[in-house]
Amino acid sequence: MDSLSKSITQTRVWQCLDCGKCSALCPITKWEAGSYASPRLLVDLASGGREEELLQAPLLWACLTCKRCSELCPADVDFPEFIRQLRALAREDGLSGTCTHSAIFQTVGKIMVDPDLQQDRLRWLDDDCLVSEDSDVVFFVGCLPYFAPVFEKWGVDVLDTARSAIKILNLMGIQPQVLADERCCGHDQRWQGDLETFQRLAERNMDLFSKRGTKLVVTACPECARTLKFDYKAFNGHNFSVRHITELIAESEGFKALFDHPNPGAPHNPLRVTYHDPCRLGRHLGIYDAPRKIIAALGFDLSEMERSRKRSQCCGTSCWTACGQANKNIQVERLEEARAAGAELLITACVKCQIHFTCAQIDPVLGNEIELKVQDLVSMIADYLPSTVKGMVRDE
Amino acid sequence: MTFFVVDAIAEGHRAARSIDCYLRAESGIQEAVRLPTVEVGAEDCRERVASGCSSPKARIQIPCMPLEDRSLNFKEVDLTFSETQARLEADRCLTCGPCSECMACVQACSADAIRHDQTGFSTRIDFDAVIYSDDLEGFRALALENVAGLYHLDPDDPIGGLSISAEAMAGLSEQGKLISQSIGRVTWEAPDRLGILVCECGGAISSVVDVEVVCDQAAAWPGVIASRRLSHACLPESTQVIQAFVDNYALNAVVLGACSCCALDQVCYSCTYQRVRARQNLGMFSQPREKLGRLAESTSFEFVNLREQCAWPHADNPDQATAKAAALLRAAAARARGITAGESIRKPLSRSVLVIGQGEAGTTCQQALSRMGIEVQLVRRVPDKIIRTGGWYAVSDHGETCKASSVVLTPVSYQEENSLLNALGGDGTGVVTLAAGAGLHALRPGVFSCSSETDPQTIGNAAAVQAAAWLGRVARRGLHNHAVVTASRCRACGTCIEVCGNGAPELVEVEAGRFVCIDPLVCSGCGTCIAHCPSGAISNRLATDVGLEHSLNTLWGDGNGKEDRPKVVVLTCNWNAYQSLERAGANREGYSPTIFPLRVACLGEISAGGVLQAFHYGADGVLLLGCQEDECHYGFGSRSAEDVFNEGKHLVRLLGRRDETFRLVRIAIEDDTNFVQIAENFASNLRKVTK
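Chains as they are written, first to last, in our numbering: chain A, 1 to 396; chain B, 1 to 691.
Simulated from the structure, these hints should not be mistaken for lab results. These figures come from a predicted structure and were not determined experimentally. Don't be surprised by glycine CBs; every beta carbon is placed ideally from N, CA and C. It cannot be assumed that every hint is accurate.
Restraint-style ranges between C-beta atoms, simulated for each label pair [said to hold, decoys possible]:
no.	chain 1	residue 1	chain 2	residue 2	range
1	B	62	A	383	53 to 63 Å
2	A	94	B	42	20 to 30 Å
3	A	236	B	18	39 to 49 Å
4	A	5	B	665	53 to 63 Å
5	A	76	B	112	51 to 61 Å
6	B	618	A	53	32 to 42 Å
7	A	94	B	510	29 to 39 Å
8	B	512	A	53	18 to 28 Å
9	B	669	A	383	45 to 55 Å
10	B	511	A	53	19 to 29 Å
Whenever a hint applies, use it, and build me the whole structure from the sequences.
Below is the structure:
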């Protein structure tokens, strides 16, 4: 099979040494009860040319593409990319993973492909959010408005993250554009092998960026950041830079005051927090220090989990697909790890991580044992700033 | 990058080979692949130290023999580590990777259990018959319950094996050979073998709908093996024709397009009340064998009402009526492909009865039941609540919980009867049917009430007989479309337990993990839990988003009715809404042919994702039509549809659709506003906003 061998070469699957480091690290391997849920065995099937079995392997859809395996692979196999290409192949055969949340987000993605779609997605903007029509900075909101009605029942206020991000940008002296016609970035579609939908979503967004003369795209979602930064490169006219908002804050002049004089209004007993590195922000984009710098500057007592930074554990589910017992176990394990670090609050920089960790705590049996407040860093900054350094930043 | 002497030597070798190639005038040398290694740089080390993974420690020096000891002998000057030193040195490991293939574990394992050369493999073994001997839950988790030639053997049954293997052997054409095999993962795919039957209804359908054309078109649809017309599907002779049709073509699914005709008291397949019975009677297509542990194959069945939905309302437009008939049949065919047929699960109920109340009939009933060998508990005090959970009725009596499969209420007065009914919850009217014996009511599955006004001796004995008969009958079969949980997809979040008003889902904890099991005898098949499950772990043979998606996908799939707008999908519940739809057809009230009703079990079955899919597949508007909350056939489905509707409304609004494009309407059973009024009203509002 041509495309399979091409993937094998391109992702260096043929270099696999069969050492099994990936299987020892893979969170799915640890918890998925079925056979073949190991990257090494999947690679083994691929090198053996057993395509049919390969496309039936449970790991094909269960893989979180968290990059934990390829990070440590001595043979430099790009396993997540291999999985991604396999999924595109499997889709040609009409296979796909089990959608969660009644396939709401997959369907929203498909509907967004429509070029004539007129969305009503900016109702969350309040008077405190200053935006402009002609700025060359775009704040890419992502799917947050669509998450809101689905997850508000769990008490996750995802739009708070969007509003906070705008307010933070305002404090930096930026009044960004927010696009009413923005489409989903296509991250999930791309990683689920639905390349056609991804292509069409990306074309719509690229079209918007070029029409608005965008030079900088800021986003509060690591997945959007990764996709816009790397995966949109394949499209013409990619002449803007893409930053995750935590990067921007960490190096902003406006926030310099905060970092130069940390703990401006630190309480006597700072809240003990821990930080969960989202896979896309950490291993995919290499951003580890910026969020930590911000957390420290805000005056929190940051206690690291056993597995952090490059070794961070994925939040357990990706792309709204193939979620179940194994994924729950991964989340419970991570929550226990956070509690073991003595944290009273789990901070993450990805709304999806926040949703998944909150979801895991909905459990009639384990409930209390894994109870831990989870908050998105961006919404926390805005919560914390007004009382302490808002004035300082403005003065600068 | 650091280079070592070995690298220099390797480079030397390479240079030599390249010189050799050059001298032999050969083009290019075979480059050995340079495999990457784990590289731990200084930055990595610092990071590890910072995160507390490692701490900086100096290398432990290898001890040397003191100078004074070296004289006058040839002993080795370099000593070895003591145990403490060795441990300290080993402690400096940066743990750069979990396994370095050092093979130490292979050597250490005296049982020789570790194989480093092991890779996965799968074997394909073809069998004519398989006897699966493991617990039934696990068997069902494999979703293999509908396979012909597959038998389930209760592992705890010491003698069942003999009879089942005899049965399996008997089913084989040649002398079989028994192989005992432990199987990790078994897959089964039933090929689609669909049959389409179109009834002419003695001209009532065929005078408007071109049945010939529909049959011809149907033959070309995916998975369809055969299609044929019938003059009267409802006649007893037709049952034989249908059965022969199924047997001849070995069909595993049948779609019948016919009419609603329950008024004629015939066993048809269409109208609301008879359909439930017809589904259960589907055994007539392929007799399910009532043998021990046997999971028989049967035919799945979908019904489309062509007379009341096509021929009569669109009598003035035969072309559109024909097109709509074909579209609805095709949607049902697509849905039938997503449905797996199968017989319902059977589980013996515990033979126990709770007799509650101060009436005299209680003692009579207790004695009668005891004589029949049924375990009876008599609760004199009227409890606050009779709970239905996991297939049990339970009450709390003096702090103790009594539970049983069946309940007999023996009130002493009318007041007590009322408080007992209140304890049961709900008004109890939804399922009232009169059973044999004056003054005996069956209120809930397995709950019987003795009227206080009847002779206690007679009624007590009658109730005992009814309860015993029920225990025997119900133990055989639950609904065949009960919900099933795929254990590996279950997050044990308890959402289904919260939404289910029947108490069918139960959280179980076994070695393999925690997940929910749905009691097939308690599940009423409404599909509400399916719509609410966040991880999509629950499915049911009839009510699935997948089935609905198939239907929606085919409705306008081939450009059919592209220019006719507005396209409206009406998701009608099987009860009040569907009745209203049929009544409108029966009254020959015309409505726009672009209104497509799709039947679901209950509004509770519909998820927000399902609604969005309807829009994605081309609907201009989606109307949810169901029962009034207090008239919901399932008790809770219609109510829980509210949450899904609100969620869907937000999403639909975000996607730029006006509120008029998505509505939820509830119909009361006595309501005069009928289907046509509601649907046309919706469509005309839609026309205003989608110009």
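So, going through the hints one by one against the coordinates:
1. B:62 with A:383: 53 to 63 Å: Since the Cβ atoms of residue 62 (chain B) and residue 383 (chain A) sit about 57 Å apart, the hinted range of 53 to 63 Å holds.
2. A:94 with B:42: 20 to 30 Å: violated (50 Å)
3. A:236 with B:18: 39 to 49 Å: At 43 Å between Cβs, range holds.
4. A:5 with B:665: 53 to 63 Å: For residue 665 (chain B) against residue 5 (chain A), whose Cβ atoms are near 56 Å apart, the range 53 to 63 Å holds.
5. A:76 with B:112: 51 to 61 Å: violated (33 Å)
6. B:618 with A:53: 32 to 42 Å: Taking Cβ atoms as reference, residue 618 (chain B) and residue 53 (chain A) lie about 37 Å apart, which means the hint holds.
7. A:94 with B:510: 29 to 39 Å: holds (34 Å)
8. B:512 with A:53: 18 to 28 Å: holds (24 Å)
9. B:669 with A:383: 45 to 55 Å: With Cβ atoms ~52 Å apart, the hint holds.
10. B:511 with A:53: 19 to 29 Å: With a Cβ separation near 28 Å, residue 511 (chain B) and residue 53 (chain A) satisfy 19 to 29 Å, so the hint holds.
Checked against the numbered hints listed earlier, the structure breaks hints 2 and 5; every other hint is satisfied.
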